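A.B. asks: The lines below spell out each chain.
There are 4 protein chains.
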Amino acid sequence: MGAGRMAKVHAASIVNAGARVATIFDPVSAAAEALAEDTGAKVCATAAEAIADVDAVLIATTSDTHVELLYEAVKAGKPAMCEKPLAPSYKQSLEFVATVGEAAARKVFLAFNRRFDRGHASVREAVQSGKIGRLEQVTITSRDPFPPPLDYIPRSGGLFRDMMIHDFDMARSIVGKDISSVTAHGSSVVDPELGKLGDIDTASVTMLAADGTIITILNSRRCAYGFDQQIEAFGATGMVMSDNPRQSGFRSFTKEAPGTDAPILEFYMERYGPSYTAEIRAFIR
Amino acid sequence: MGAGRMAKVHAASIVNAGARVATIFDPVSAAAEALAEDTGAKVCATAAEAIADVDAVLIATTSDTHVELLYEAVKAGKPAMCEKPLAPSYKQSLEFVATVGEAAARKVFLAFNRRFDRGHASVREAVQSGKIGRLEQVTITSRDPFPPPLDYIPRSGGLFRDMMIHDFDMARSIVGKDISSVTAHGSSVVDPELGKLGDIDTASVTMLAADGTIITILNSRRCAYGFDQQIEAFGATGMVMSDNPRQSGFRSFTKEAPGTDAPILEFYMERYGPSYTAEIRAFIR
Amino acid sequence: MGAGRMAKVHAASIVNAGARVATIFDPVSAAAEALAEDTGAKVCATAAEAIADVDAVLIATTSDTHVELLYEAVKAGKPAMCEKPLAPSYKQSLEFVATVGEAAARKVFLAFNRRFDRGHASVREAVQSGKIGRLEQVTITSRDPFPPPLDYIPRSGGLFRDMMIHDFDMARSIVGKDISSVTAHGSSVVDPELGKLGDIDTASVTMLAADGTIITILNSRRCAYGFDQQIEAFGATGMVMSDNPRQSGFRSFTKEAPGTDAPILEFYMERYGPSYTAEIRAFIR
Amino acid sequence: MGAGRMAKVHAASIVNAGARVATIFDPVSAAAEALAEDTGAKVCATAAEAIADVDAVLIATTSDTHVELLYEAVKAGKPAMCEKPLAPSYKQSLEFVATVGEAAARKVFLAFNRRFDRGHASVREAVQSGKIGRLEQVTITSRDPFPPPLDYIPRSGGLFRDMMIHDFDMARSIVGKDISSVTAHGSSVVDPELGKLGDIDTASVTMLAADGTIITILNSRRCAYGFDQQIEAFGATGMVMSDNPRQSGFRSFTKEAPGTDAPILEFYMERYGPSYTAEIRAFIR
Numbered sequence: 002m003g004a005g006r007m008a009k010v011h012a013a014s015i016v017n018a019g020a021r022v023a024t025i026f027d028p029v030s031a032a033a034e035a036l037a038e039d040t041g042a043k044v045c046a047t048a049a050e051a052i053a054d055v056d057a058v059l060i061a062t063t064s065d066t067h068v069e070l071l072y073e074a075v076k077a078g079k080p081a082m083c084e085k086p087l088a089p090s091y092k093q094s095l096e097f098v099a100t101v102g103e104a105a106a107r108k109v110f111l112a113f114n115r116r117f118d119r120g121h122a123s124v125r126e127a128v129q130s131g132k133i134g135r136l137e138q139v140t141i142t143s144r145d146p147f148p149p150p151l152d153y154i155p156r157s158g159g160l161f162r163d164m165m166i167h168d169f170d171m172a173r174s175i176v177g178k179d180i181s182s183v184t185a186h187g188s189s190v191v192d193p194e195l196g197k198l199g200d201i202d203t204a205s206v207t208m209l210a211a212d213g214t215i216i217t218i219l220n221s222r223r224c225a226y227g228f229d230q231q232i233e234a235f236g237a238t239g240m241v242m243s244d245n246p247r248q249s250g251f252r253s254f255t256k257e258a259p260g261t262d263a264p265i266l267e268f269y270m271e272r273y274g275p276s277y278t279a280e281i282r283a284f285i286r
Numbered sequence: 002m003g004a005g006r007m008a009k010v011h012a013a014s015i016v017n018a019g020a021r022v023a024t025i026f027d028p029v030s031a032a033a034e035a036l037a038e039d040t041g042a043k044v045c046a047t048a049a050e051a052i053a054d055v056d057a058v059l060i061a062t063t064s065d066t067h068v069e070l071l072y073e074a075v076k077a078g079k080p081a082m083c084e085k086p087l088a089p090s091y092k093q094s095l096e097f098v099a100t101v102g103e104a105a106a107r108k109v110f111l112a113f114n115r116r117f118d119r120g121h122a123s124v125r126e127a128v129q130s131g132k133i134g135r136l137e138q139v140t141i142t143s144r145d146p147f148p149p150p151l152d153y154i155p156r157s158g159g160l161f162r163d164m165m166i167h168d169f170d171m172a173r174s175i176v177g178k179d180i181s182s183v184t185a186h187g188s189s190v191v192d193p194e195l196g197k198l199g200d201i202d203t204a205s206v207t208m209l210a211a212d213g214t215i216i217t218i219l220n221s222r223r224c225a226y227g228f229d230q231q232i233e234a235f236g237a238t239g240m241v242m243s244d245n246p247r248q249s250g251f252r253s254f255t256k257e258a259p260g261t262d263a264p265i266l267e268f269y270m271e272r273y274g275p276s277y278t279a280e281i282r283a284f285i286r
Numbered sequence: 002m003g004a005g006r007m008a009k010v011h012a013a014s015i016v017n018a019g020a021r022v023a024t025i026f027d028p029v030s031a032a033a034e035a036l037a038e039d040t041g042a043k044v045c046a047t048a049a050e051a052i053a054d055v056d057a058v059l060i061a062t063t064s065d066t067h068v069e070l071l072y073e074a075v076k077a078g079k080p081a082m083c084e085k086p087l088a089p090s091y092k093q094s095l096e097f098v099a100t101v102g103e104a105a106a107r108k109v110f111l112a113f114n115r116r117f118d119r120g121h122a123s124v125r126e127a128v129q130s131g132k133i134g135r136l137e138q139v140t141i142t143s144r145d146p147f148p149p150p151l152d153y154i155p156r157s158g159g160l161f162r163d164m165m166i167h168d169f170d171m172a173r174s175i176v177g178k179d180i181s182s183v184t185a186h187g188s189s190v191v192d193p194e195l196g197k198l199g200d201i202d203t204a205s206v207t208m209l210a211a212d213g214t215i216i217t218i219l220n221s222r223r224c225a226y227g228f229d230q231q232i233e234a235f236g237a238t239g240m241v242m243s244d245n246p247r248q249s250g251f252r253s254f255t256k257e258a259p260g261t262d263a264p265i266l267e268f269y270m271e272r273y274g275p276s277y278t279a280e281i282r283a284f285i286r
Numbered sequence: 002m003g004a005g006r007m008a009k010v011h012a013a014s015i016v017n018a019g020a021r022v023a024t025i026f027d028p029v030s031a032a033a034e035a036l037a038e039d040t041g042a043k044v045c046a047t048a049a050e051a052i053a054d055v056d057a058v059l060i061a062t063t064s065d066t067h068v069e070l071l072y073e074a075v076k077a078g079k080p081a082m083c084e085k086p087l088a089p090s091y092k093q094s095l096e097f098v099a100t101v102g103e104a105a106a107r108k109v110f111l112a113f114n115r116r117f118d119r120g121h122a123s124v125r126e127a128v129q130s131g132k133i134g135r136l137e138q139v140t141i142t143s144r145d146p147f148p149p150p151l152d153y154i155p156r157s158g159g160l161f162r163d164m165m166i167h168d169f170d171m172a173r174s175i176v177g178k179d180i181s182s183v184t185a186h187g188s189s190v191v192d193p194e195l196g197k198l199g200d201i202d203t204a205s206v207t208m209l210a211a212d213g214t215i216i217t218i219l220n221s222r223r224c225a226y227g228f229d230q231q232i233e234a235f236g237a238t239g240m241v242m243s244d245n246p247r248q249s250g251f252r253s254f255t256k257e258a259p260g261t262d263a264p265i266l267e268f269y270m271e272r273y274g275p276s277y278t279a280e281i282r283a284f285i286r
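Residue numbers (this note's numbering), protein chains in the order written: chain U, 2 to 286; chain C, 2 to 286; chain W, 2 to 286; chain B, 2 to 286.
So here's chain U without its partners, still in its complex pose (with noise of 0.2 Å):
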């Protein structure tokens, strides 16, 4: 479902997967057609008749047609996979699960893309597999590397809703307890004309787990130096960390600079774009 930028991204995915995208539906039959002639898809009228043809959904189309899709899928008895969110408020979400029953809602596999990236996913299992002890403190940090067009921020639902969301999953995902307390504080720092906005670029989310376990999430919405994704999980016999990966292993030492290596990895694509292959494969599975 979709043709878009993100349908082009999982399709590619799909392939490397080792599936197949048989069919695509997307409103804009242009885009649908498109991707079609670059998959070697067909394409529907509908989004019924889509999924009709296919063993399993994937849904990348824009936000607020989620929830719809899923219904329809669903309905199908096809398993879906679906880029977050689920629903535009966490009202309809509950409503969807409702309504659909949770053994149907089982199959819906809402993706949080960043729990498959190797160093977090190294992180979550060391953490799970009792490597580092009972875990003490949890420290994330997500910062772009520039921050969105000013006429995204007003329908991005804010740094919270739309940035700090994968850094909430990421900590349920490595806590996996419940959050008993949540703290935050937020500036404008980084562009005024952002908080004329109404929205923050800077934020501190402090949580505290029902065990004691200390959560703290830091954001900026602009990194001079690349796109900052750091996750640490500290604990009673020791501390694990997925630190940023670099473009490659060049290391330069001169007098100026003494031991210089090469940049982080510049935006989510770089740095995310295999865990969307093992996103699917897990989907597959």
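In short, the hints are calculated from the structure, not lab data. Check before you lean on any hint, since a few could be wrong.
Listed below are the simulated PhoX-like cross-link pairs for lysine-lysine, each with C-alpha atoms no more than 20 Å apart in a straight line [as the list claims (entries may be wrong)]:
#, chain 1, residue 1, chain 2, residue 2
1, U, 132, W, 256
2, B, 132, W, 256
3, W, 256, C, 256
4, C, 256, B, 132
5, U, 256, W, 132
6, U, 9, U, 43
7, B, 256, C, 132
8, W, 9, W, 43
Nothing here was measured: the structure is a model prediction, and the numbers come from that model.
Using the hints, position chains C, W and B against chain U.
C.D. replies: Chains C, W and B alone, transformed into the frame defined by chain U:
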């Protein structure tokens, strides 16, 4: 002033800094005699006598005696260096300044040793020189290798006063701005015995500077891999950090551990030992 | 040309590079059919037929057939890319160039894949751009994770021809000068069976360029921690290196291993996989 | 013995190691007086007198006087520590051992300071403990930050005797086997003036141990980024290395230099200063 453990550390630093320990006073005269023997200093029977005898006073006695010795040093017109804290309470600190006057108070060097750590100092200098542009986020991680003895806890003043005080000082030193809000979270997850004594062992503090800079401090009373002491300053044009130095440049690569560095430094004498000498050099200058 | 293991790697790279596999020829027609099915290509019964059918030829057959296919490609006026070696002997290589003429030979792209590794390429670019001043020392370390099967050794040509050939090529590519002396040392210390077959498994070569630059190449047929591939170029104003990239940014800190990185890449497909695509992009360009 | 630059370094190390400088002899009596004043030692008019006066002798005079002072120390039955070299020639060294006898010679500690570097020592210990299995390759890189003054070159003995001697010693110390072949290459590429004096400034030596272990030593008289001192030992089950320690844990990340470490140490007093104390501790022990 003083002939205990820290006095010995300072005595060695005085020599390394190119000065001489002239006179020692300690109520425990055996301790004073022993340190005098090691340093070639003479011993005085009273603090006043010792202060009269020297060019400058270094106070390394127990915390509760600091302020009274400082009054004596100021009365004698001698510059004095004193380990934190100035006085047992904020009120008594303010009283001291009011009583002696600001001019005399400026001759008192209240020593926060970590400011003189080479890595930490480089972070401060980078921020102040504008290398990272407008400062937006500061993150300080301080983790002791193991908790203090349980019987120390009740007289420690608690984690914030005993341990995080250094991080508060570093934060002020780096940010150079007033703090407009402080939010603190704490857990007792390292040792339940410590919790029964009314203290916490794991903590997170978020502070906002008046200009929107967000400061995060993370503390733990126990760290399996050594004395974890890191500072990160993030700004509009870059980030600088003070990472944990390692015991040596040794690295090992085996099938099981394909890239292991030498351990980080063990505790504060290994990590901050050279800072004591740097601190005394600054005092002399 | 070819439908074996490397041909499959190249077929995937051709697609990733934005081109199309048009025609496949392989004397083993089942292999050709299988790869044709995967790629949508057609199958030709003879090499000449296949060459006539395409814009450009990629030769990925066994080493002993390279030169004869190259003669065919040149005869047909088609640009050709061919994995090293050009021919089984130096003499036959010179003959090929003499026979087809230099102009035609320049349309043959003899592919040394490692030149396209991002880290290695950055070292070469840094040297050529003058970043490290006059080049003085080049050190290349190449260690395979494990020795080849013993039955491969007799037909491998020996360590220098089979393995160090890549390092000779990288050295030439970085130094850009003629070599005036070569000194080689070898040992059989990894596996005595390999020594009995007349080959070595550990080697060191020192080469002097005409201008005094010293080049050192170190090889081993076995490396416990992965595929160790490093290049260092040292010059008058600095040093640049291509270090081993790691499988992810995962790092772990425990009492026993207080700072362990993720493993380096396992073998050449993990390390040099992306270089194959870069190489084909260069050929197409 | 001696009151020059290195004697001062050793005097400070003697104190740091918990011993006392008792007596100083130097033909230049003003130098002896000055160092005596700093250390509280007394001054003797002759070497014999000074040797008679102490528990142990440390020889830190010019290289050409070492052997004669060692004869005096041995005659007086005093243990002696002496910086390399033992004597101006190999022949005179053998003569010394033959003359005093092996038992007496064993009370002479011929000091090669770098063996006591923490990182280098860890490499040796790892090799000797079997951590990397059978040793196969050792690579030693030594690069001075800048060449010595030109007028020193003629009396230096040349690069191999003056500079690489330390690396020969480290190689022997790590490999612990006899060397069966030595191949040397040298270039004059750093400074043509140095070449005119008949010396080289860039060198590579390959040595084979009797068991096939290959040792490579790389030297340069000039290194733009500091004092480059690395050792790598590669074996059947892994690799260990002694990397260059850094001046601090400071790191900076900007758009232009996205990951720069603090500089490596500048020269031998910064890098090997602590080794002098460790060396004297070993001598005392």
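A.B. asks: None of the hints should be skipped; say for each whether it holds.
C.D. replies: Evaluation of the provided hints:
no., hint, verdict
1, U:132 to W:256, "holds (11 Å)"
2, B:132 to W:256, "holds (18 Å)"
3, W:256 to C:256, "holds (19 Å)"
4, C:256 to B:132, "holds (11 Å)"
5, U:256 to W:132, "holds (11 Å)"
6, U:9 to U:43, "holds (15 Å)"
7, B:256 to C:132, "holds (11 Å)"
8, W:9 to W:43, "holds (15 Å)"
Consistency note: the structure conflicts with none of the earlier hints.
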